[in-house]
Amino acid sequence: NAGVMQNPRHLVRRRGQEARLRCSPMKGHSHVYWYRQLPEEGLKFMVYLQKENIIDESGMPKERFSAEFPKEGPSILRIQQVVRGDSAAYFCASSSYEQYFGPGTRLTVT
Amino acid sequence: GQNIDQPTEMTATEGAIVQINCTYQTSGFNGLFWYQQHAGEAPTFLSYNVLDGLEEKGRFSSFLSRSKGYSYLLLKELQMKDSASYLCAVRSGTGFQKLVFGTGTRLLVSP
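Chains as they are written, first to last, in our numbering: chain A, 5 to 114; chain B, -5 to 105.
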């Protein structure tokens, strides 16, 4: 039973470009959560999705960030027009009851 | 809102016991989680408490007091590989709700 998968593991983007981060939950899990971790800081919740539904997006910045979890395929976190402050590790988790984390995508904006 | 506090850093010696405390303030408490995170890696699940008392799992134990808004993670027979950050997280509400994390406690185990 494969764990939570994320890709890419590392992503480098120039300011103004778009970043797309993908997450495939564990088999049998239909709840996906995205968290962001800035250097030397704790994990901050961004968004919680079920298939085709955004349940809680209270942690998402109002602009440039969006997330989806389509009926088929992985969940995608999209960041448009990236800025240096978006550089962070982005973790996806899926849950039955405990949340299991993927390996993360480390985004570097140059 | 929710507020979670834990010490920033702790040091301990190989073979010793260390207790990492976590205090929280939240409404609709629905579980407290401990995760371990090595530098540059993903958090890995350690323990979950929803009722008062002690949960033991090998060298690791976690305690919860809901009335005090307090938990601790106890690590026994410390090993060098236990050097990591330990994250306390609280869930509130019902069902599959988000976790709110503390900033983590960086534990350094020395020989």
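Incorrect hints may appear among the rest.
Claimed, not checked - BS3-like, lysine-lysine: derived pairs with alpha carbons at most 27 Å apart:
{"no.": "1", "chain 1": "A", "residue 1": "Lys31", "chain 2": "B", "residue 2": "Lys51"}
{"no.": "2", "chain 1": "B", "residue 1": "Lys51", "chain 2": "B", "residue 2": "Lys70"}
{"no.": "3", "chain 1": "A", "residue 1": "Lys55", "chain 2": "A", "residue 2": "Lys75"}
{"no.": "4", "chain 1": "A", "residue 1": "Lys66", "chain 2": "A", "residue 2": "Lys48"}
{"no.": "5", "chain 1": "B", "residue 1": "Lys70", "chain 2": "A", "residue 2": "Lys55"}
{"no.": "6", "chain 1": "B", "residue 1": "Lys70", "chain 2": "A", "residue 2": "Lys66"}
If you're looking for bench data, these hints aren't it; they were derived computationally from the structure.
Tested hints:
Taking the CA atoms of lysine 31 of chain A and lysine 51 of chain B, the gap is about 25 Å. The hint holds against a cut of 27 Å. Taking the CA atoms of lysine 51 of chain B and lysine 70 of chain B, the gap is near 11 Å; set against the 27 Å cutoff, the hint holds. The suggested pairing of lysine 55 of chain A with lysine 75 of chain A holds, with an alpha-carbon distance near 6 Å, which does not exceed 27 Å. For the given pair, lysine 66 of chain A sits about 15 Å from lysine 48 of chain A by alpha-carbon distance, which is consistent with the 27 Å threshold.
Restraint check for lysine 70 of chain B and lysine 55 of chain A: the C-alpha separation of about 41 Å exceeds 27 Å, so the hint is violated. Restraint check for lysine 70 of chain B and lysine 66 of chain A: the C-alpha separation of about 44 Å exceeds 27 Å, so the hint is violated.
The structure does not agree with the numbered hints 5 and 6 stated previously, though it agrees with the rest.
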